[in-house]
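As you go down the protein sequences, you meet chains A and B in turn. FYI, the numbering for the first sequence is 1 to 387, going by this note's numbering. FYI, the numbering for the second sequence is 1 to 253, going by this note's numbering.
Rather than coming from a laboratory, the hints here were simulated on the basis of the structure.
Keeping only pairs whose Cα atoms sit at most 20 Å apart, straight-line, the calculated SDA-like set for lysine to any residue is:
| hint | chain 1 | residue 1 | chain 2 | residue 2 |
| --- | --- | --- | --- | --- |
| 1 | B | Lys149 | A | Val283 |
| 2 | A | Lys263 | B | Gln218 |
| 3 | A | Lys263 | B | Asp210 |
| 4 | B | Lys149 | A | His293 |
Negatives, chain B to chain A, calculated, CB over 10 Å:
| hint | residue |
| --- | --- |
| 5 | Leu15 |
| 6 | Glu18 |
| 7 | Thr56 |
| 8 | Glu61 |
| 9 | Asn90 |
| 10 | Ser109 |
| 11 | Leu111 |
| 12 | Thr113 |
| 13 | Thr115 |
| 14 | Phe125 |
| 15 | Ile189 |
| 16 | Asn232 |
| 17 | Ala242 |
| 18 | Gly249 |
Fair warning: this is a prediction, and the values are worked out from it, not measured in the lab. By construction, the Cβ of each residue, glycine as well, lies at the ideal position given by its N, Cα and C atoms.
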Amino acid sequence: MADGQSNTTERFLPQTGLQHLIDLLTTDGYEVIGPQLDQGAIVYDTLTSVDDLPRGWTDRQEAGTYRLEQRNDDALFGYVVGPHSWKQYLFPPLTTISTADRTDAGWEFQTPSEPPPRRAFLGVRACELAAMKVQDRVFMGGVYVDPAYQRRREAAFIVAVNCTLAAPTCFCSSMGTGPQCTQGFDLVLTETDAGFLIESGSDRGAELLEQLPTREASESERDLGKAARQQAVDQMQRSLDTAGIRDLLLTNMEHPQWEEVGKRCLSCTNCTMVCPTCFCSSVTEVADLTGDHVERQRVWDSCFNIDFSYMNGGVVRNDVRSRYRQWLTHKLASWHDQFESSGCVGCGRCITWCPVGIDLTAEVAVIRGSGSATNEMHTDVAMQGET
Amino acid sequence: MLKFASCDGCQLSLLDCEDELLAIAGAVDIAYFLEATSSVRPGPYDVALVEGSITTPHDLERVRQIRKQAGFLVTIGACATAGGIQSLKNWADHEEFMRCVYAQPEFISTLSTSTPIAAHVPVDFELRGCPISRHQLVEVLAALIAGRKPRTPTHSVCLDCKRRGTVCVEVAQGIPCLGPITQAGCEAICPAYNRGCFGCYGPAAQANCDSLVDHYQQQAVGTERLVPLLRNFNAAAPEFQAASNRVAGGDAS
Ligand code: SF4
Ligand code: SF4
Ligand code: SF4
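Taking the hints into account, I'd like the entire structure generated from these sequences.
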C-alpha cells in the first residue's frame, strides 16, 4: 500500500513511457487495472496496453446523466470518474467468507485462502485516494481488521493521475480531497500535451520510477503540468458547504426536506453502490439442496433496502424518507463520530448515477436554508427512442 | 405442480435445474407434474406449486379444490402472482376478443379478467418472475425441505445490476428502465445486454413508481412507450397498474 507523500521532484516521462510503466508492472507480476471504454462509459478493467485506455474520449456528466464524448485531442486521461470505483477490487461485491461441510465426523469449517491478488491500479484520482483512506479506517482501523481487505489493499500498487478537468458533478475541492493527489500513491502522473510529469510517493514507487525512461522536467514542462492541474480547480462548479455539517444535519432530523426527497428517491440503492466509501454488506449462509454444504457469503448491501434495517420484530426504517435520511446523515454527519472524517469525498458519482438525479449537495443546501433542490436534470439529453 | 392460464415456462424451470434435478427428485416425491410425467396421483399434497392465472369459472372452482388439497401453496411466476401478460385483457373488451377469435364464442366460458391466485385463495408463498428463476425455485424447495423461510430478495434490480458491474443503461444511454422499481431475481440480465428492465419480477417493495414515471415523462418518454413498458408481464400488479393508469389517463405530467 502506498503511504508516502510526494518525496521527489517531478520528472518528465514521454508519452511512449507509459507503455513502459505498464510492462514493468506486468513483469513484476501485477495485473494492471485501468480505465477503458465499455458499455457506453469509462470503467475499470484489466489492461495490457496504453491502447486499451480511452484515448481521445471524455465524459459529460450531470445529475442523472452520463455521456461519452470525443475530445479534440489524444489525451489518455481526459475525463473524470465513472460508474466503477476501486472499491470493487478491494471490497468485492461478493465474497465467500467461509464454507462448512457436513461429514460423518461432524461439521468441517474452512476459510477460503485466496491467493493475495497482486494488482496495480492505474489512473486513480485524488478523490479515489481519499475514498480508499476512508475505507481503510472502516476495514482496518480499530481492533477488528478485515483480513481479506487488508491483503488486497497492501498488495495494491497505486499509480495516481491528477485530474486536469472537473465534471459539473465534482465537488472534491469543498471536501478537501482534491483535485490534486497529495498522498496515498506509489506514483502520480500529470498528463500534458507534451507528455507526463511523474513523481513517486513511496519507496517502491521510487524504485519503479528509476527504471522508467524519465528525464528531469524543464521549468516550462512543470508549468504545463501546473496549468493542467489548475484547470481542474478552475472548472469545479459544485460545492458542499461542510461548515458545522454534522450538527446541522443531526439537529434537523425532522426537516420537511426529508419528506420531499423521499417523494423523489426511488430507494433503488444506486447511490450507495457507486459510492467509493459505502461499505455496507449483508452476510448470509447459503446451503445447497441437501444442506450438507453451506457457504457464508458477504454481498454488497445498502441502507436503501428495506430488509437492511430488519431487526427482530420489524423493519426500523420503513419508508423512503427515513432511508434517505439515514444515508445522508451517516455519510455526512455521524460518520465523523464513527470514523473521524466525512464519509463523502466529493466524487459526484451518487449525483450522476442516481436515475432521477438527486443531488446531495442540493439537499444539504435546502436543509441549510440556502438553496433549492428542484430536480436539476438537464433535458437536452433525450431518452432513446427505441431499445 | 399445477397449472392455470400460463405458458408452462415456469414449470419448465424445474426441469431446467439440471444440476440439482437428481437431488430434488431424491428429496421430494413428485405426485403431479404433467410437464415431466403423465402419471399423476391424487392429493392431498404437502406442497403445491401453482402456475398460471385465473381466467375461467372452471379455474376458479379448481383453485379452491387445490387449496383444500395443499398443505403449503406456492404460486410461481408472474401469471400466478400478478395475472401475467394475459391480464392485459383487464383493460379490454373480452366479449369482443371472443368474437374475433372464435367462430362460435357462445361455447367459450371465460372470465373478463385475468387475476392472480392470491385474489381467490390464501397463498403461502409467492415466487415472482417471468419466468421464475430456477435458483429461486431450488431455494424455495430447499427451504421447505429444511423447514426454514425461503430467502428471496425484495430489493430492486438496480442493486444486482451494480453488483455485477453493469453500467446503468438509463443514466449512460437514456434507455427507460424499470430496474429501480422492480424486484430483483433475474440477476439484472437485461441491462447487461443493453436493454432496460422490463419489470418481469413485478414491483419491488415500496416501489416509487410515480417518481420514476415523472422522471421519464420529463425526459420526453411518451405515453405510447411508457404504458406498454408498465403493462407487461406484471401489468395487473397493483403498483404497476396504478402507474400505467396514471400515465394513460394523462394526469401524470
Ligand atoms: S456520497 Fe456521493 S459524492 Fe460523496 S463519495 Fe459517495 S458517491 Fe461520491
Ligand atoms: S438517491 Fe437516487 S440513487 Fe440513491 S436510492 Fe434514491 S433514487 Fe436511488
Ligand atoms: S440499468 Fe436499470 S436496473 Fe441497472 S442500475 Fe440502471 S436503472 Fe437500475
